[in-house]
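Peer 1: Each chain, letter by letter, is given below.
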Amino acid sequence: MIIDCAVYQQGKRRPGTLALEQAYEAACEPGAFVWIGLYEPDEHEFDSVRREFSLHELAVEDAITAHQRPKLEAYDDTLFVVLKTARYLEADESVEFGEIMLFIGPQFVVAVRHKPASELRGVRKQIEDRPDLLRFGPGAVLYAIMDRVVDDYLPVIEGLDKDIQEVEREVFSEAGSNPAERIYMLKREVIEFHQSTAPLVEPLDRLASRPFALLHQDIGEYFRDVEDHLLRVVERVAGFRDLLTSVLDANLTQVGVRQSEVAMRQNADMRKISAWVAIAAVPTMIAGIYGMNFDHMPELRWVVGYPLVLLVMAVACGGLYRAFKRNGWL
Amino acid sequence: MIIDCAVYQQGKRRPGTLALEQAYEAACEPGAFVWIGLYEPDEHEFDSVRREFSLHELAVEDAITAHQRPKLEAYDDTLFVVLKTARYLEADESVEFGEIMLFIGPQFVVAVRHKPASELRGVRKQIEDRPDLLRFGPGAVLYAIMDRVVDDYLPVIEGLDKDIQEVEREVFSEAGSNPAERIYMLKREVIEFHQSTAPLVEPLDRLASRPFALLHQDIGEYFRDVEDHLLRVVERVAGFRDLLTSVLDANLTQVGVRQSEVAMRQNADMRKISAWVAIAAVPTMIAGIYGMNFDHMPELRWVVGYPLVLLVMAVACGGLYRAFKRNGWL
Amino acid sequence: MIIDCAVYQQGKRRPGTLALEQAYEAACEPGAFVWIGLYEPDEHEFDSVRREFSLHELAVEDAITAHQRPKLEAYDDTLFVVLKTARYLEADESVEFGEIMLFIGPQFVVAVRHKPASELRGVRKQIEDRPDLLRFGPGAVLYAIMDRVVDDYLPVIEGLDKDIQEVEREVFSEAGSNPAERIYMLKREVIEFHQSTAPLVEPLDRLASRPFALLHQDIGEYFRDVEDHLLRVVERVAGFRDLLTSVLDANLTQVGVRQSEVAMRQNADMRKISAWVAIAAVPTMIAGIYGMNFDHMPELRWVVGYPLVLLVMAVACGGLYRAFKRNGWL
Amino acid sequence: MIIDCAVYQQGKRRPGTLALEQAYEAACEPGAFVWIGLYEPDEHEFDSVRREFSLHELAVEDAITAHQRPKLEAYDDTLFVVLKTARYLEADESVEFGEIMLFIGPQFVVAVRHKPASELRGVRKQIEDRPDLLRFGPGAVLYAIMDRVVDDYLPVIEGLDKDIQEVEREVFSEAGSNPAERIYMLKREVIEFHQSTAPLVEPLDRLASRPFALLHQDIGEYFRDVEDHLLRVVERVAGFRDLLTSVLDANLTQVGVRQSEVAMRQNADMRKISAWVAIAAVPTMIAGIYGMNFDHMPELRWVVGYPLVLLVMAVACGGLYRAFKRNGWL
Amino acid sequence: MIIDCAVYQQGKRRPGTLALEQAYEAACEPGAFVWIGLYEPDEHEFDSVRREFSLHELAVEDAITAHQRPKLEAYDDTLFVVLKTARYLEADESVEFGEIMLFIGPQFVVAVRHKPASELRGVRKQIEDRPDLLRFGPGAVLYAIMDRVVDDYLPVIEGLDKDIQEVEREVFSEAGSNPAERIYMLKREVIEFHQSTAPLVEPLDRLASRPFALLHQDIGEYFRDVEDHLLRVVERVAGFRDLLTSVLDANLTQVGVRQSEVAMRQNADMRKISAWVAIAAVPTMIAGIYGMNFDHMPELRWVVGYPLVLLVMAVACGGLYRAFKRNGWL
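Protein chains in written order, with this note's numbering: chain L, 122 to 451; chain U, 122 to 451; chain C, 122 to 451; chain Z, 122 to 451; chain V, 122 to 451.
Some hints could be false.
Note: identical chains are not told apart, hence a pair may lie in one copy or across any two.
Straight-line C-alpha distance at most 25 Å; calculated SDA-like pairs for lysine to any residue [unchecked claim]:
id, residue 1, residue 2
1, K246, R345
2, K133, E178
3, K133, A153
4, K246, N388
5, K246, R256
6, K393, A444
7, K246, E178
8, K393, V424
9, K133, R290
Note that these hints are calculated values from the structure, not bench results.
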């Protein structure tokens, strides 16, 4: 699907949108360049683009099938750039990735988006308001898109940061839950996010430090700025990985401690119950003795026998109670 | 065993297969090259190949004994390439490795496969359908084979990814199994897969960035594309290693939690049983007291003695029951 | 807000402070340079600065929004430097970060501070006392500020070191607390501190080894000295990370050991109580037997029956007591 | 002790062995070189060698004292190479290290072995059978020895691999042993092996890629081949380290699981015993009640009293039994 | 404090010691150089040195305050070197660090020691016995001191190695101690030792590979030798870190296993005691039944009643005993 197709000249958009055929012609006018935005183009649409701009077959193959890694490929007089877009989904705390492929030629930009990618229309508006930049030609468009893609990484970083902080609170709270699965799933997200962002550093560095013939040389500083933002993302992601490893370890300790506390309380309960049973066993034993039916048991005849035995029982129980209390068993 | 042997000229296969002797002659015709496919050749077969193409003795030695690491060796006017093929075996969740050795000369390609290697015949078909590529000579064949080998890594990646996801579900399920052994064995596979793929990055980079004299210079971009796919494999494998380390740690926590839960339930059972025994001990003790045979026990003479004692017993038991209930012991 | 604004000539400050407008003029006098200190400038203030010194729009954008990573950007004839300041807060054992952005031109220095940044006024005093350095121009000011920022990292290092030592004592003390959360939070601080300091190494290295045209060449050694201090900070921070990982592991062991010791003591208590109950069960059983009401129980008639049974009970209890004592159960 | 000392000319050994003095003279004949093999030479022997070939004092010092790291030192026109040999001892599953020091000059090779080093005599035989290689001069001897030393690492790798697999089986078997010590000791071996092999990569790379003036330039490819074998060793050793770390972690899980299983079985036993005691407590309690000696206990007079009570006891016990059974306590 | 101050000419020490003032003059004589050894110099002493040799202010600042990291700084025609000395203290198994700062000029060496540093006097003796080396000038002194400092690392390595082996024995012994704290403290030492030694590799590499103008070019090989010894130290320290991480993990397993064994023994004891109590409960219950006072209990009248009941009791107890024995509970 063709999203937008326009000619830019002298840093300004020529009004209206063009059909593809007109675009090819316009791309030959000196000082002009066309910017074609495609969304999951079908083979037919793309084939005409490929032929008109004589794009390299390998780049075209990559552009049609998604799931590429971020990269910058320089063919004779065309640059092919793959970008990974990322969006943080609040609902299920996950990161959704999309892809944008760009063909940059001396007089054209072809942008191919794959669902679910970040919107590019806003970018077009933004850059059209900057004739000073647009004057740099296709390189300015490349900058504008990369800048947007990298800026869109920031909300993802914030979302992951917030999740990690929640998980920390959960680990160190008294509540006693075990967020091991959530920690692990965050680590998975972070690793995938790393794989989508880190490989872009090298292409940006190449764009910033040894500009390609087909890019205006003053655009280098702009790519340096994007690289700088990307580096910040990559460093924070590296920090997240380290934190999540530590929090998983800390969680093991915390879960262990909480379980141990439960076990200790249970053990203390058992000890208390057993201690009471032990106390009750003493009068039972004494009573058993004086329940024996021997003919000759002189104590049984004593008038004070019964109260004396009750006293002995009471003293024995009282003694045990105090001893157990002293040991902290009751 | 000779699998196939053909001459290619002007990007087209000359019809039919050749005997080895004819191949040597054909390799001297200007603008032609031969492609010889061997499968675990015996010494005799290989010796003739070696002599005709004057292959370097070190390369020949490596080609006969398997278990090499992936590499690219440049001898005077021959390239020697070792590739590791990989195949994911669904049945026992393991990865099977094979080896392909390639000798690339100005006018010949000798491909030696070791069991169990990936099929090359499909590759031959594919490349024979691309006369535009074949025109590049032996380098095109090298590209086609490397492209196939690297593409064949993808199903392995998918297989390992699926296994890791299964293991994750097992770790975090309620079922309570302990997949430590499976996690470890996956890690073993992943490490071995890493050792078979990562060393290939450097040779591909050399092929892509500073093409060898004997390769057509336009073929470089094709190797760059293969390198790119390989990098994606290597990065995902690195991610797998990290994930498996984390999942092994998480498993320790989960197994510990589940075992603790069992222990806690057992402890709670014990506490309940002990509490009941303690309740039963009280009437037993009281009964024992009134079962004593003292002559002077006035209570025994009371008419209300017996019902009173039963009442006392009931009250005591009821009181204990309520107290234990309040403590959560029953 | 404008903090200070002065002209320096021949290594000396021209007395008084200037309005911004005068500053721009002064910056054009040969052999002079102005140093403007701003604190969270509003758009209006900054806009005039930007226009007068024709600062690059990307640098200006970075200077207004905080949360940049440390970096050095070279625009045509301006250097843009971002520094992260750090301050250790004793009260809550945390590190507070601030930011300083510097624009260095051939005849001007613009320093922008973001709250809460370290004070720069002290730096101005210090450097004004060193006419020999000031003679080097804006580069000397850049050196003085970077030197101060890096020196201010040292108290943070000391504070973190002290905290880590406290945590170590807590882990290995007998007291039995579980400082897992504190260890983790320290690790978080250390990672953040690393992200604020490590990226500054590369800019300092560039300043030290291949001086920029607009810096006096003799200033290089001074930046080398700052880099050296920074490297010491970075190395110690790396050591902290390693230590905190180890101490978290050691804490797991220590907490486990202490919990196990409690559990063992509880188990030993239970065993002791149970052993006493077992001892009491024996005379209870014997007494029960002689409490049976059979008509024909010859022992009951014996005169020595009762004392004999008491003896048997005593011997049995004594025997059990000794056996349990021998096993260490009592 | 002098092991062997011979002159080589035109790729052939001149028959017989020489005394040291003759060797020095032979080393001056054009087109010839001597190869002196020493085994733990005493100071006197070595001193004459040192003087004749004017070896550098630092190299000589290193050659006499063992315990060097593998290295390659280039002095004016002498190369000094230190190699670590390794041998796997099946008996006590350990690796024994030895050292070989080599002085390579334009017309001499001095090989010094330290006990227990791998045998070099076999190497001499082998290389003497390859006049084509020997023609390259001392460099060929260097290659032959390095090739042998590196090839001798392979059995060590196999031995360690076998040990690790044994340890894996032990960890994941049902048998219940705790191989933590064995795992740790294997890790120790692997680390030491790494320290003996990894530093040799860089010297081999130098030998392969920028050949030294005193080595024949065609020998480079041979060193590349040795380097390749060494890299395979180093990569596998790195894999071993990773595996051993994982297996130590997995062992912690497995040991914990097995211990937990024992504890659970013990707990289940305790619960069963306690349940039986609880069942027995009920008739004991009832019997105690009817064993009381109150004058007014009407039930005692009933004819059906006794059987009724026995029925009640049986019903109570039966009820408890069924309840406990239902809970899984019996 | 001035330790020693002498002039060296032609590789020989001019007899006697000099006052500082004479030293400055001597340092101007062609072909001579002075070597001044200072021990924690006061400001006054150092100031005169600084002025005479016009040392760079930054180096002087570093030389007065201790706690620098090892480094090599090249100022116009002076080298400034910071070395960390280390000494293993047997008594408390710790490593004591000191510092030596060196200023190397074309005709002077100023060595500043900070307590507690290794003795340098021995070095002076040693190097004075090597006129061939001394002839190389100040560079020879730098080599001699660095060589000594690095050689002094070896006893530290040996001491740490011995400690680690002790700790290993403790971990894997039956004795059952928990050396977690000792392991951790060793790790701390090792990290600190790493920070004192590893940064010295780069300076040594610079000294060895691209000699400075003010050092004799033949001295490079000597620094290469020192670097080599240092690399061995650094590699072993890296190995120590890895080992200590593993031994801390292994200790967790071992401590857990030993604690589990104690718990299992305690549980087995409890089971045994409970089993005996359960056995005793049976005759108690039976005796209770026949102790009931029902009028109509025919068994009580039987002559064989009493012996029969005793038999039943014995059989019941015997049966239980055998069953418990079979289950392994007794």
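Peer 1: Against the structure, test the hints numbered earlier, and report the numbers of the ones violated in rising order.
Peer 2: Hints 4, 8 and 9 not satisfied by this model.
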